[in-house]
Amino acid sequence: MSPRRQKNGGTRFPDAPLDGPLLEVDNVKTMFKTPRGLVHAVDGVEFTLERGKTIGIVGESGCGKSVLSRSIMGLLPNNVVREGSIRFEGNEIGHAVGEEMRHFWGTQMSMVFQDPMTSLNPVMRIGNQITESLRYHLDVSKDYANEAALALLQSVGIPEAKRRLREYPHQLSGGMRQRVMIAIALACGPKLLFADEPTTALDVTVQAQILDLLQQQQRERFMAMVLVTHDLGVVAGRTDDIAVMYAGRIVEKAPTRLLFSETRHPYTEALLKSIPKLAQPSHMRLDAIAGRPPDLVNPPPGCKFAPRCPYAQARCLVEEPPLDDSATPGHAFRCFYPVGSNEGKDALARNLAAGATASGRPVFAEGDALATGTVVV
Amino acid sequence: MLEPSPSAVATKEMAGGTGGPPDALAEAVEFEVSRTKRYGVSGWLAMGWLAFVLVCAILIPMFMHAPVNTGKYANKGFLDELKFPLGTDGNGNNMVLLLAKGARNSLIVSVGAILFGLVVGGSLGLVAGYFRGRLDSILTGIFNILLAIPQLVLAIALVSVLATDTIDNKGIPHPVSSGRRLLILVIALGIVSVPILARITRANALQWSQREFVLAARAQGARNLTVMVREVLPNVLPAMFSIALLGIAVAMVAEGGLSILGVGVHFPSVSWGNMIAIGRADLRASPHIVFEPIACIFLTVLSLNYLGDVIRARFDVRESVL
Chain A
1 MSPRRQKNGG
11 TRFPDAPLDG
21 PLLEVDNVKT
31 MFKTPRGLVH
41 AVDGVEFTLE
51 RGKTIGIVGE
61 SGCGKSVLSR
71 SIMGLLPNNV
81 VREGSIRFEG
91 NEIGHAVGEE
101 MRHFWGTQMS
111 MVFQDPMTSL
121 NPVMRIGNQI
131 TESLRYHLDV
141 SKDYANEAAL
151 ALLQSVGIPE
161 AKRRLREYPH
171 QLSGGMRQRV
181 MIAIALACGP
191 KLLFADEPTT
201 ALDVTVQAQI
211 LDLLQQQQRE
221 RFMAMVLVTH
231 DLGVVAGRTD
241 DIAVMYAGRI
251 VEKAPTRLLF
261 SETRHPYTEA
271 LLKSIPKLAQ
281 PSHMRLDAIA
291 GRPPDLVNPP
301 PGCKFAPRCP
311 YAQARCLVEE
321 PPLDDSATPG
331 HAFRCFYPVG
341 SNEGKDALAR
351 NLAAGATASG
361 RPVFAEGDAL
371 ATGTVVV
Chain B
1 MLEPSPSAVA
11 TKEMAGGTGG
21 PPDALAEAVE
31 FEVSRTKRYG
41 VSGWLAMGWL
51 AFVLVCAILI
61 PMFMHAPVNT
71 GKYANKGFLD
81 ELKFPLGTDG
91 NGNNMVLLLA
101 KGARNSLIVS
111 VGAILFGLVV
121 GGSLGLVAGY
131 FRGRLDSILT
141 GIFNILLAIP
151 QLVLAIALVS
161 VLATDTIDNK
171 GIPHPVSSGR
181 RLLILVIALG
191 IVSVPILARI
201 TRANALQWSQ
211 REFVLAARAQ
221 GARNLTVMVR
231 EVLPNVLPAM
241 FSIALLGIAV
251 AMVAEGGLSI
261 LGVGVHFPSV
271 SWGNMIAIGR
281 ADLRASPHIV
291 FEPIACIFLT
301 VLSLNYLGDV
311 IRARFDVRES
321 VL
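Sequence lines, in order, name chains A and B. Residue numbers are given in the working numbering: position 106 of the first sequence equals residue 106, and the series is strictly consecutive. Residue numbers are given in the working numbering: position 14 of the second sequence equals residue 14, and the series is strictly consecutive.
Since the hints were derived computationally from the structure, they do not count as laboratory data. The structure displayed is predicted, hence computed values, not measured ones. Glycine included, every Cβ here is placed at the ideal spot set by N, Cα and C. Do not rely on the hints blindly, as some may be mistaken.
Okay, the calculated bits of chain A under chain B, using three or more residues with CB under 8 Å as the criterion [what the hints assert, rightly or not]: (1) 101 to 107; (2) 121 to 130; (3) 133 to 147.
DEER-style ranges, computed between Cβ atoms [claimed, not checked]: (4) B:Arg223 to A:Asp325: 39 to 47 Å; (5) A:Ser141 to B:Leu261: 52 to 60 Å; (6) A:Pro362 to B:Ala203: 49 to 57 Å; (7) A:Pro322 to B:Ile142: 49 to 57 Å; (8) A:Asn91 to B:Arg223: 20 to 28 Å; (9) B:Leu147 to A:Gly44: 47 to 55 Å; (10) A:Gly174 to B:Leu302: 40 to 48 Å; (11) A:Asp203 to B:Asn144: 43 to 51 Å; (12) B:Arg223 to A:Gly360: 50 to 58 Å; (13) A:Thr200 to B:Ser42: 42 to 50 Å; (14) B:Pro61 to A:Pro77: 53 to 61 Å; (15) B:Ala203 to A:Phe222: 41 to 49 Å; (16) A:Pro77 to B:Leu261: 45 to 53 Å.
Please build the complete structure, drawing on both the sequences and the hints.
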């Protein structure tokens with residue numbers, strides 16, 4: 001690994017420390033100016049990503065996960081206000097604008113988008129779309145670029161790659177197109193790949209294949225990856241760390257295994273409960289998280305999840321818990337009454353006894369509502 | 001999603017799925033289905049007429065030399081003499097030759113004007129639609145101002161300014177040469193067509209620039225110019241072309257209007273419009289002098305409109321498959 005790192009890092013950034021983390025995100029805030037006011041889409045996110053590691057960013061729609069990945073890439077519309085620091089190989093890129101970022105795009109960091117139906121150019125042959133970025137970054141000959149494109153298509157598992165090079169996107173299925181997108185993203189050998197909900201638009205049967213492909217490519221190339229998804233099932237077992245986002249901030253961050261075994265934040269718990277499980281009887285009602293994410297123009301004071309949280313206490317509504325990893329190093333969460341702790345159990349018991357949380361949302365033991373006879377604590 | 005020709009697609013998949021020989025059969029089926037479906041009878045007729053006009057405009061003036069001003073044969077009517085199947089004009093010129101020469105000039109002016117409009121208006125529209133923001137507001141404002149001026153008035157004004165006779169130091173006026181006059185007409189009508197083509201291009205570029213593949217290309221480090229030309233432009237072209245075809249028809253009629261008003265193509269060069277303008281005088285005695293160029297303009301404009309529709313419909317289908 002090191003000679004390759006030396007080569008890329010050495011030529012582009014003479015001063016880049018080669019042993020430091022690849023990506024350091026520190027107190028990043030991304031706001032959009034809208035007629036309604038400033039939308040706080042990402043509100044003080046921090047994490048660190050080592051070379052060759054993967055992090056999963058999980059949360060429901062509108063919690064800022066896509067905006068976060070685009071903030072790091074610098075692919076944001078004009079009405080944006082950015083704060084905080086993003087360091088890529090030690091270089092500050094948090095405030096870089098288009099022309100400066102262009103040197104990073106493609107060769108240093110690259111992105112696979114959500115919908116392969118719209119992220120390929122409908123009037124350009126697959127082959128040209130792959131060779132294009134090779135040719136403007138690496139200044140290689142047409143023949144070389146074509147061979148590289150063929151090798152890339154084969155490596156992402158497209159059968160009859162040679163013929164596919166001459167086809168148009170509409171001649172390919174959704175899964176194939178996403179493979180092509182991955183090939184395009186990988187063409188210039190980026191060190192960091194953002195996969196922005198790469199399987200959301202795909203058929204369920206293809207999702208696992210695409211995720212396996214991403215994982216395989218990430219390992220073979222010793223590439224760091226940020227996997228953005230709303231589905232905890234997607235990141236389970238595929239990432240080193242997981243950060244759960246809610247209302248623009250990270251509410252829980254832990255190594256993947258720890259996050260599932262020792263869930264601390266009620267939002268993570270609620271997300272986990274909303275995944276259908278094979279062992280459940282059929283026709284069982286799925287747990288949904290009641291309510292909606294808060295308005296990001298005027299976020300509520302206190303914990304942003306408190307209005308929907310079954311554990312919420314009076315304190316949660318006025319005071320925002322810090323992102324704290326003092327209990328278990330590496331496992332940070334924002335909660336005064338974490339799941340599984342005595343405080344959490346007491347808080348839930350109090351709410352169940354009162355029949356409502358501090359925010360006034362009714363709570364009842366799950367058994368009452370679903371008549372399954374189980375009380376979930 | 002709508003498929004363009006479900007049977008063809010199905011056949012293709014079957015052939016591919018069974019691992020049989022390369023799907024030559026499927027491609028043949030698809031080709032056959034698509035051909036009639038994509039262009040239709042009217043489409044083929046339109047293309048046929050346009051091809052015919054084009055060939056006549058090029059070949060007839062090359063091979064047919066008729067004496068000018070032979071008063072002996074003046075004002076022959078339709079099929080009066082086999083030598084003049086379409087008759088002659090007041091000067092005894094063969095109408096076939098006149099119509100062919102007129103076709104050449106009419107086509108040069110209308111196609112040239114629209115090409116000018118496509119290049120200037122297209123690039124301005126593309127830039128406005130891609131970059132948006134203040135640049136877009138300024139450019140759109142300019143287009144709107146141009147659109148607010150009546151087109152014929154604008155064209156007349158431009159021609160009269162550009163095509164003023166030069167007066168040499170002895171005080172003798174030198175009229176603008178006919179070649180230069182054609183160029184001036186191209187530029188004047190071109191300027192008139194700029195805002196229309198620019199607005200169409202802008203509207204489409206605006207829409208296509210929002211697509212994710214444009215963002216994806218940027219995320220791969222493509223320059224703005226590359227993204228505009230390689231990613232956005234090819235998607236905008238179908239709309240530009242279908243409007244451009246209609247634009248050619250409009251420009252052809254406009255050139256006729258300018259000729260009738262005396263600022264179009266001048267004698268001795270001819271265009272369909274100026275044939276109508278000149279033939280007006282003899283309308284009662286020999287109506288064919290006016291009606292033949294009118295019929296030519298009518299059929300050509302009709303064909304261009306049909307072709308524009310066919311092209312738009314064809315690319316609409318392609319887009320719905322995406």
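Go through the numbered hints given earlier and state which of them the structure violates, listing their numbers in rising order. The structure conflicts with no hint, since it agrees with every one listed earlier.
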